[in-house]
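Residue numbers (our numbering), protein chains in the order written: chain G, 1 to 428; chain P, 429 to 856; chain L, 857 to 1284.
Where hints are given, some of them may not hold.
What the hints assert, rightly or not - One-sided and incomplete, this derived list gives chain P residues near chain L with beta-carbon spacing under 10 Å:
| hint | residue |
| --- | --- |
| 1 | Ser549 |
| 2 | Ala550 |
| 3 | Trp552 |
| 4 | Gln555 |
| 5 | Lys561 |
| 6 | Ala564 |
| 7 | Trp684 |
| 8 | Ala687 |
| 9 | Ala691 |
| 10 | Ser724 |
| 11 | Gln751 |
| 12 | Thr754 |
| 13 | Pro761 |
| 14 | Lys793 |
| 15 | Arg830 |
| 16 | Gln836 |
It is worth saying that the hints were derived from the structure and are not from the lab. The beta carbon of each residue, even a glycine, is placed where N, CA and C say it ideally should be.
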Amino acid sequence: MTQELRTRIFSELDALVLIDPHTHIDALNPASRTLADILGYHYYTELAHSAGMPKEQIEDPEISPKEKCRRLIENLGPLDNTIQYSWFIEMAQKFFGFEGDRVDAENWEALYDVAEEKMSSAEWASQVLEISKLEAVFLTNNFDDPLEGFDTSKYVPCLRTDDLVFHLTRREVQDRLQHVAGAAVTDVPSLRAAIGGLFEHFKSKNARACAISLPPDFAPARVSEGRAATAIDAVLRKKLEASEADQRAASNYIFWTLAEFCAEVGLPFDLMIGVNRGVYKDGVFQGQDLYDSRVSMIQYKELFNAFPRVTFPISVLASVTNQELTSYAWIFPNVVTNGHWWYSNTPTFIEHDAAARLEAVPRTKQIGYYSDMYKLEFALPKFAMYKRILAKILAERFVIDRGWTEAQAIDLGKQVLRGNVETVFGYK
Amino acid sequence: MTQELRTRIFSELDALVLIDPHTHIDALNPASRTLADILGYHYYTELAHSAGMPKEQIEDPEISPKEKCRRLIENLGPLDNTIQYSWFIEMAQKFFGFEGDRVDAENWEALYDVAEEKMSSAEWASQVLEISKLEAVFLTNNFDDPLEGFDTSKYVPCLRTDDLVFHLTRREVQDRLQHVAGAAVTDVPSLRAAIGGLFEHFKSKNARACAISLPPDFAPARVSEGRAATAIDAVLRKKLEASEADQRAASNYIFWTLAEFCAEVGLPFDLMIGVNRGVYKDGVFQGQDLYDSRVSMIQYKELFNAFPRVTFPISVLASVTNQELTSYAWIFPNVVTNGHWWYSNTPTFIEHDAAARLEAVPRTKQIGYYSDMYKLEFALPKFAMYKRILAKILAERFVIDRGWTEAQAIDLGKQVLRGNVETVFGYK
Amino acid sequence: MTQELRTRIFSELDALVLIDPHTHIDALNPASRTLADILGYHYYTELAHSAGMPKEQIEDPEISPKEKCRRLIENLGPLDNTIQYSWFIEMAQKFFGFEGDRVDAENWEALYDVAEEKMSSAEWASQVLEISKLEAVFLTNNFDDPLEGFDTSKYVPCLRTDDLVFHLTRREVQDRLQHVAGAAVTDVPSLRAAIGGLFEHFKSKNARACAISLPPDFAPARVSEGRAATAIDAVLRKKLEASEADQRAASNYIFWTLAEFCAEVGLPFDLMIGVNRGVYKDGVFQGQDLYDSRVSMIQYKELFNAFPRVTFPISVLASVTNQELTSYAWIFPNVVTNGHWWYSNTPTFIEHDAAARLEAVPRTKQIGYYSDMYKLEFALPKFAMYKRILAKILAERFVIDRGWTEAQAIDLGKQVLRGNVETVFGYK
């Protein structure tokens, strides 16, 4: 009975047309060209490497996409238990009519060829969106992205600010900022002016959020103007030679300035809390980052108090931080729970984390899910995974445990899947 | 089959007459007078505020109880997913014959009027206890509470000591202490004498526990007599101007002294570990506290070793601390697990935390639940929530997973719900 | 339907002949002689003590094994809810034909006598292995264990290194090391030579791993040769009087040296992360250790990067660390998840932790379980507990939630139970 109930709820949720509120899609090149774009996603390369495949075999610059696929598929056996592998199979089934439940040395080439043919169509990206029931996807754009050449109501810009906050010590970042600002950035006023220009530009292009990923030891603090002047001066002039104290003060100042502009122009500020970059230094591309789960939302106390009018949709990397996120969203009007990020984006953690949110955070303050994808094909299996878990939670914990009607449960599911994306990000 | 099993076990647990071992009931004014006393509970005001209702609308001193209810009910829609909302509906159904599953603009006024009429009866508090199958409730009394005018076998006093440990720096607290001591408190000996008097007074009034809530960075340590003398002197004379080091040493000294008196007079010492006060400074009344989940029971190592004869019933604010609590109760004879506190008092966390305790801590060392309520009406829905989860755990994890008989499972449930309250607190 | 599915999967898993990859078995005395060897296991003595039994009654050196059993059994009532108690009953049933579900004052003596008779057989250890379907068990040998007098293909040696890393400050440890080295250990070169000799000896005796348990604040770091020389000199000469800094540097140097030898001779290095020793100083034998769950795998970043060719099977003491372990095993090729250790070896934590690993870590990189036992009889109930939970996860999360066939689920179960023990430790 429970399983039928889950299936019925899933069907209703699955009928919904969605907006994906956080992705890394390149709007000018949104879909895959070959299966290598799919299998080249770090979720596969890092797992294949972890299971023993040498990095050199994966990242060999000389090989063709087809050869890359051949090599990777031969190394997927040890991962066929993972949920990530199931995404691959679901994509093969839904987009390319694949009928098995394993892709291996025997059958991969036919799949590759079918995929390549379909992907070669000029309509492929549109077809993926159609099949995936996706109306729009949010991007994560570098601050100097011209945001030109695409439909910003379908590919919705968001301002990514990691470089500004954490890498202004790099000459390249300073150059890009001055280039996009059209003026020298030499001190606090010119830096603020440049940042203000970014917000103006992004807003004019339908941007719906400012976003940043943050290391576990980051604790935003307001920096005095005097201290900011010294720190920004050091960072701009000494770059990577600036003292750690100056670098930290500069990061804090810029972060705070971003929050001020979010307040001024009315943009939500997506915080993605908890990642340590480059922990496994010999890992594959995008497969080097890990974390320290000893992080607390208390580090953001001053920020949440200082910016009551900025909405902070927050993702946490570790499931052990989810209760704090739940509690802070229950108390702070400006804190919203946002999806299930990266290492917490697997069923056991999603189930535990989503259940805790659904029963304690106001229903209007929960963004259920985003795909975080780099290529459009991934939204379908990732959202499907989430919707199955959401249906399970709604069936078991709301209909059965709490006596809700199916219709009530489905309404709640639809709201966190779609309705809140519209209201929180002012989409539509 | 599982659901029927759960229902049968729940029925047996639900037939039990209970003692609620931790509440904030005012014994002279234990039940609600209007629905505003129920909806004014911080669980509703803070969630309504979090969902967008301005604090000023909630805390407007000019409005009537009825107007306050009208306003709050209009703002409950965004919380109707929460377990807290379900408590409200269950109270409306069980106490006032409400038949729907939503209270809204259409039907609230009739409910308000029915409630007001029932609550106006001189027997209302007794009726609530009767309907709730509550035999007694433990209070949490300020140290200078005269404990007069009520039946202390029904409303059982407990000595709350937060003010003594953390706020002796306040003139008002010093004045209250001297007043109740009937003597000047000027140094360590007079302070000890005053505290000893409190214990004597409370014991004479049937007190069953000493209780305190503690911030996550508190780590009790024994303080030497010399250091204590300096610190207490500084705190008594300089008050809020005392140095942080003196304040900390004074807190530690007083805390340790409380444990000594608990040992002397034979009172359990309820520790509620992990809360940070006033994190959201513009939050509604009692809706400002949050936490840092980076806390460890190792901080209490010295205490548990030093006081083998004091029983410490312990509540932790964050579910991530529950495994440590479970392990420490498994090893230390004087550590008892105590209920599911505040931000961990929602079904997903209760289920995970209670299951872990039930399978690894001696059955005699677990206090299943307390309501933490401010008004009597809340025990019913809160205990009902817990009993449903307890029945689920017993059905799934004991009867099904481990082959227990239903009778064995029900016995375990009854022991953690009621039996252990009697033995741990020496009630009856 | 789910329960039948679980039962079918369990039966298949339960038919497997196993290798137990981590125990504390004494190969010369592997099985129990009386029931007192079973009930004397710290899991029972510490729980009985925690529930109120005085340590003196348990550890009275004057009493017979039978009297010890009588006393303990009279104190097991308060623990009959625990999973540890269920192990005892399962042993009584499977090894001694006991038919009840409680051992108490009425029936214990008959059980004791039956057990004593069976245990007195010269074949008892073999019978236990046979009944338990155990082909081999890994030991945890002190560095100066001669490893003589037993079949090392059945009782597989592993080099335990806690003493070397953390207790070289003790004269007794230095003496043992010099004795086994057959040479004075006076400085870094002679220490390295002695350690090298240990590895050579253990390898010659079929050792399959080096192992160590680590406190939560340990963060391995490479130590320069100069610093090592000073620190080792201080530790060897001043022993417990060596400064804390020297002790820490010496620990780090020795730990790093062990990893170097693991790389050289090709041994996996089992890391058991998170225990604080002697927290409850008046606890019973082996019932004094607890932990601080605030530990992160990031502390091992440098180690994992420095030794890409050493496999690190890792156990974590706290379930809150399990997600980090899962993520690090997903990214680092040399990190393998290893069993469910001690305070996390209870069903609720195993279920949550194992489910998270099974869906995100390559299937080749997970050691499902080890018993950690001191006497052979414990493998049966401990593995049975794990297999039931594994069957539950495979049924609910793979067959039902993800549409796997039963055969696929069983294959995955068999691989983590047995196949990976062979491949990771090079057994067979």
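Hints and how they fare:
1. Ser549: violated (42 Å)
2. Ala550: violated (44 Å)
3. Trp552: With a minimum Cβ separation of about 39 Å from chain L (threshold 10 Å), the hint on Trp552/P is violated.
4. Gln555: This interface hint is violated because 36 Å lies over the 10 Å limit.
5. Lys561: violated (24 Å)
6. Ala564: With a closest approach of 24 Å, the Ala564/P hint is violated.
7. Trp684: violated (18 Å)
8. Ala687: At about 17 Å, which exceeds the 10 Å cut-off, the nearest Cβ of chain L leaves the hint on Ala687/P violated.
9. Ala691: Violated, because the Cβ-Cβ distance from Ala691/P to chain L comes to roughly 15 Å (cut-off 10 Å).
10. Ser724: Nearest chain L Cβ about 4 Å off; hint holds.
11. Gln751: holds (5 Å)
12. Thr754: This hint holds: Thr754/P lies near chain L, its Cβ roughly 8 Å from the closest one there, short of 10 Å.
13. Pro761: Because about 5 Å separates Pro761/P from the closest Cβ in chain L, which is inside the 10 Å limit, the hint holds.
14. Lys793: With a closest approach of 7 Å, the Lys793/P hint holds.
15. Arg830: holds (6 Å)
16. Gln836: With Cβ-Cβ at 8 Å, under 10 Å, it holds.
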